[in-house]
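Assembly of the complex is requested from the two constituent chains, each provided in isolation within its own frame, with the hints serving as guidance.
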Amino acid sequence: MIEFRNVSKNFGEQNVLDKLNLVVEEGKITAIMGPSGAGKSVTLKLLMGLLKPDEGQIFVHGSDICALADDELASLRKKFGMLFQDAALFDYMNVFENVSFPLYEHTKLSDEEIEKRVEASLNEVGLENVNQKLPNELSGGMRKRVGLARAIILEPPIVLFDEPTTGLDPIITSQIGDLILETHAKRNNTFLMISHDLALSYRVAHKIAMLYKGQIVEFASPKELKYSTHPFVREYLQAQLNLEGSR
Amino acid sequence: MTKFFDQYVEPFVSSFGRIFVSLFNASRVALEEMGRMLRMLWASCKLVVTPPVRWQLIVDQMQFIGVGSLFIVVLTAIFSGMVFALQSGRAFAIFGAETLTGAVVTITLSRELAPVLTALMVTARSGSAMAAQIGTMQVTQQIEALSAMAVNPIDYLIAPRIVAAILVMPMLTSIFDFVGLLGAYIVSTKLLNIDPAMFMEKIRYYVDVADIVQGLFKSIFFAVILSLVSCYQGLQAQKGAYDVGRRVTMAVVISSVAILVADYFLTALLF
Ligand SMILES: Nc1ncnc2c1ncn2[C@@H]1O[C@H](COP(=O)(O)OP(=O)(O)OP(=O)(O)O)[C@@H](O)[C@H]1O
Ligand SMILES: [Mg+2]
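Line by line, the protein sequences give chains A and B.
Under the working numbering, think of the first position of the first sequence as 14, with each following residue one higher.
Under the working numbering, think of the first position of the second sequence as 11, with each following residue one higher.
There could be a bad hint or two in this list.
For lysine to any residue, the following SDA-like pairs were computed, each having C-alpha atoms within a straight-line distance of at most 25 Å [said to hold, decoys possible]:
#: 1; chain 1: A; residue 1: Lys129; chain 2: B; residue 2: Val161
#: 2; chain 1: A; residue 1: Lys41; chain 2: A; residue 2: Gln27
#: 3; chain 1: A; residue 1: Lys41; chain 2: A; residue 2: Lys146
#: 4; chain 1: B; residue 1: Lys249; chain 2: A; residue 2: Gly50
#: 5; chain 1: A; residue 1: Lys239; chain 2: A; residue 2: Arg200
#: 6; chain 1: B; residue 1: Lys249; chain 2: A; residue 2: Asp99
#: 7; chain 1: A; residue 1: Lys92; chain 2: B; residue 2: Thr60
#: 8; chain 1: B; residue 1: Lys249; chain 2: A; residue 2: Ser49
#: 9; chain 1: A; residue 1: Lys91; chain 2: B; residue 2: Cys55
#: 10; chain 1: A; residue 1: Lys41; chain 2: A; residue 2: Asn28
#: 11; chain 1: A; residue 1: Lys121; chain 2: B; residue 2: Asp205
#: 12; chain 1: A; residue 1: Lys32; chain 2: A; residue 2: Cys79
#: 13; chain 1: A; residue 1: Lys65; chain 2: B; residue 2: Ala53
#: 14; chain 1: A; residue 1: Lys41; chain 2: A; residue 2: Phe72
#: 15; chain 1: A; residue 1: Lys91; chain 2: B; residue 2: Lys249
#: 16; chain 1: A; residue 1: Lys146; chain 2: B; residue 2: Ala142
#: 17; chain 1: B; residue 1: Lys56; chain 2: A; residue 2: Cys79
Keep in mind the hints are simulated off the structure, nothing from the lab.
If we strip away everything but chain B, and leave its shape as in the complex, we get (with noise of 0.2 Å):
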C-alpha cells in the first residue's frame, strides 16, 4: 500500500504541486512585469507632455510603422476579406440570405479582424524591429551613452515609439477596413454574383458608424500593448545578441497574446 503511494500518489502530487508554486511565482513575475510596463508608459505620458516635444522622433517612428506595414497590412486585409465573404457568401446562400454578405464582412472586419490582424501584423514587423532596435542599443552601451550625456532613454527612445504607434494605427486599422471591404466587394459580386447595388444597401443598413469607432478605439489599445511590450522586452536585453534574438521573441509572443486577451476584454466590458 505504502508502496504504491510512494509510486505512484506521491510523484503525482508532489509534482502537481510544483507545477502550482511555477505557475504562481510565473504569474507573480509577470505581475511584476506589468508593474513596471505601467511605471514605464506613466513615465512616457509625462515625457511626452514636458516640452520640448519631440516632433520629429515622432514623424519618423510614424513613418517607419506606418510606411513599413502598410504593404503587409494591404496584403493581409485583401485576403481576409475575400476569404471571409467567401465563406460567409456560401453559407448565407444555404437559406437565400447571401445579399447580407457585405453587411457581415463590414461588421466582423471593422470590429475585430481589422483593429486585431493589424495590430499582430504591427507586432510582427514593427514591433520586433523595436525590440532588436532598443535591444541592440542597451547591450552595445548606447542607451547608457544617452543618459550619460543627459539625454533620458524614455523621452528619446520610448516615448516617441509609443505616441507614433497610437497615432498611426487607427490609420493602418482605416486602411484594413477599406481593403478589407473592398477585397469582399470583388469576390461577392464577381464570384458569388451578389448584387453590387443591393450588398452596399445592406452594409448602409446594418453597419453603424460605431461598429468602425469600436475599432479603431480597440486599435489605440493595441497600439499601447505592442508599442509599450516591444520597447520593454528590448530594454531588458542584457547579455548580447543572443539575449536581444530572445527579447525579440518574447516582445512578438507577449504582444500578441496580450492583444488578443486585451481584445476580448475589451469587447466584453465596453461594447
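Bound conformation, chain A alone (with noise of 0.2 Å):
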C-alpha cells in the first residue's frame, strides 16, 4: 500500500502540493488527472524519493520513505518502475543497453537469457528491429514505448507510469492498454498511472484520483466519476465531451 500523508511540496515561491492525502490500494490500477501544471509527475517524483516533501509522509510498505537511508531507499526503489514524462532514456546507449541495462544491474541472467527477455518486452510494446538505435535517432513516441519496456523489464510489483500513450497513435495506445490490463492480469501488480486520456483511464483504472490545486479533490471508481459533484471535475468531463461531440 501507497499513502501519501498530508504532502506539501514548494519551489521557491510556487506551491505545487498543498496537503495531499492519497491512498493507492495494493494490487489495483490508480490513475491520477488533473490539469497540466497540477503537479502529477512532482507525486510520482516524491514517491520515488526523486524529491524530497516539504511537509507530510510518504509510506510505501508501511515505511516512511523521507525518513529512509540511502541504501534502504535504493533496496525499496528495486520494487518499482518507473516511466519518465519524456522517458529519460540513457542517451548516450541503444535501445538494447538501455532496456537490458536494469537486468544487467539487478539479475544475474545470462547473456541470452536477457536478449530473450528484452525482445520478448519490446515486442509488447509494438517495437521491432531498434535494438541498435540510439534514443535521438527514435521518434518520442518510439521512445516512451522503450521507456515502457525498461519500466516493466524487472516485473516490479510497483510501477509509475506518467504519460504512458502522450503523443502515440490510436493503435498503440490501445494496444498500451491492453499491455497494462495484461501485466496486471498476469503480475497483479500495483499500477500508479498518470494521464491524460480519458478513455484509457476509464478502462484500465480501478480507482481515478483527480488533482487540482494541490489536492487530490476527487477519488472515486471511473462509474463514480461521471457523477462527481466537485466542479472542476464536471467541468475536465464536460470538456471532454466537448472533444468527443466535436468529432
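Next comes the structure, spelled out in C-alpha cells:
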C-alpha cells in the first residue's frame, strides 16, 4: 500500500502540492488526472524519493520513505519501475542497452536470457528492429515505448507510469492499454498511472484520482467519477465530452 | 566638508564594505561547495571498494581519458621540452654551462611541468567532457532515471571517473616526462650542439628518482581535483543547455586554478 499523508511541496514561492492525501491500494490500477502543471509528475517523483516533500509523509509498505537511509531507499526502489514523462532514456546507450540496463544491474541472468527478455518486452510495446538505434534516432512515441519496456522489464510489484500513451497513435494507445491490463492480470502489481487520456483511464483504472490545486479533490471509480459534483471534475469531464462531440 | 565626505569618502568606504561582504560571501559559498565535493569524494571512495567493483566502467573511462588525451599531451610535452631546452641552453651558454641543460630540463619537467601541464591538458580535454556529459544527463533527467532504477549515480558515474583519472594521470605524466625530454634532447644536441653523451651524463648525475616520483605523486592529486570538480560541476547543472555550458566553463576554470594552487602547497609542504 502507498499512502501520501498531508504532503506539501513548494518550489521557491510556488506551492505545488498542498497537504495532499492519497491512498493507492495494492494490486490495483490507479490513475491520476488533472490539469497540466498541477503537480502530477512531482507526485510520482516524491514517491520515488527523487524529490523530498517540504511537509508530510509518504508511506510505502508501512515505512516512511523520507526517513530512509540511502541504501534502504535503493532497495525499496528495486520494487518500483518508473516511466518518466519524457522517457529519460540514456542517450549514449542504444535501445537494447537501455532496456537491458536494469537486468544487468539487478539480476544475474545470462546474456542469452537477457536478450530474450528484451526482445519479448520490446515486442510487447510494439517495437521491433530497433535494438541498435540510439534514443535520438527514434520518434517521441517510440522513445516512450522503450521507456515503458525498461520500466517493466524487471516485473516490479509497483509501476509508475507518467503519461504512458501521450503522443502515441490510437492503435498503439489501445495496445498499451492491453499491455497494462495483461501485465496486471498476470502479476497483479500495483500501477499508478498519470494520464490525460480519459478513455484509457476509464478502461484500465480501478480508481481515478483528480489532482487540482495541490490536492486530490476526487477519488473514485470510473463509474462514480461521472457523477462527481466537484466543479473542476465536472468541467474536466464536460471538456472531454465537448472534444468527443466535435468529432 | 560634509559634502566632500558624502561625495568622495562615503562611497569609497561603502563600496569597500560591499566588496568585503561579497568576498566574504563568495568564500563562504566556496567553502560550502568544497565541503560538498569532499563528501562526494568520500562517498565515491566507499562505493569504489564495495563490491561489485565496476571494472568495465573504470576501463571505459581510462580509455576515454587516457587515449583521448594522449595526442594533446604528447604535443604539449614535445614543445615544452623543446622550448625549455632552447631557453635554458641559451642562458647556460652565457657562462659556459650548457651541458647542464639536460639535467635542469629533466628536473623541471618531472617535478613541475609534466604533472601540471598534463593536468591542465586533461582538464581541458576530459574534465570539460565529464562536466558536459554529466550535466546533460542531469538536465535530461537521466540521473534521476538512474536513481529510480536503484543505481547510485555516484557509484555508476562519478566513482569510475575519479578512479580512472587516478590511474591514468601518472601514466600520462610519465609519457610527458619522456616525450618532453626527447624534445629537449633533440633541441640540445641538434640545435645547440651539446654533446649527447654529456647531456645524458649530467642527467644521470643530477636527476634523482625522487624528482620523478614527486611529479607522479602530484599527478595523482591533480587527477582527484580535476575529476571531482568536473563531475561535481556537471551534477550542479539544472536549467538546461545554457547551464550545462556554464558548468563546463566553471569545471575547467576551477579545476585549473585549483591545480595550480594545490601545486604550490604540495611543493611547499611535502617536498
Ligand atoms: N524541479 C523543479 N523546479 C521548479 N519547479 C518545478 C520543478 N518541477 C516541477 N516544477 C513546477 O511544479 C509544477 C508541477 O509540475 P509537474 O511536472 O508535476 O506538472 P504535471 O502535473 O506533471 O503537468 P503535465 O501534465 O503538464 O505533465 C509546475 O508548475 C512546475 O513549474
Ligand atoms: Mg507531468
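Here is what the structure says about each hint:
no.	hint	result
1	Lys129(A) / Val161(B)	holds (23 Å)
2	Lys41(A) / Gln27(A)	violated (32 Å)
3	Lys41(A) / Lys146(A)	violated (35 Å)
4	Lys249(B) / Gly50(A)	holds (18 Å)
5	Lys239(A) / Arg200(A)	violated (29 Å)
6	Lys249(B) / Asp99(A)	holds (16 Å)
7	Lys92(A) / Thr60(B)	holds (22 Å)
8	Lys249(B) / Ser49(A)	holds (20 Å)
9	Lys91(A) / Cys55(B)	holds (24 Å)
10	Lys41(A) / Asn28(A)	violated (29 Å)
11	Lys121(A) / Asp205(B)	violated (64 Å)
12	Lys32(A) / Cys79(A)	holds (16 Å)
13	Lys65(A) / Ala53(B)	holds (20 Å)
14	Lys41(A) / Phe72(A)	holds (17 Å)
15	Lys91(A) / Lys249(B)	violated (29 Å)
16	Lys146(A) / Ala142(B)	holds (22 Å)
17	Lys56(B) / Cys79(A)	holds (23 Å)
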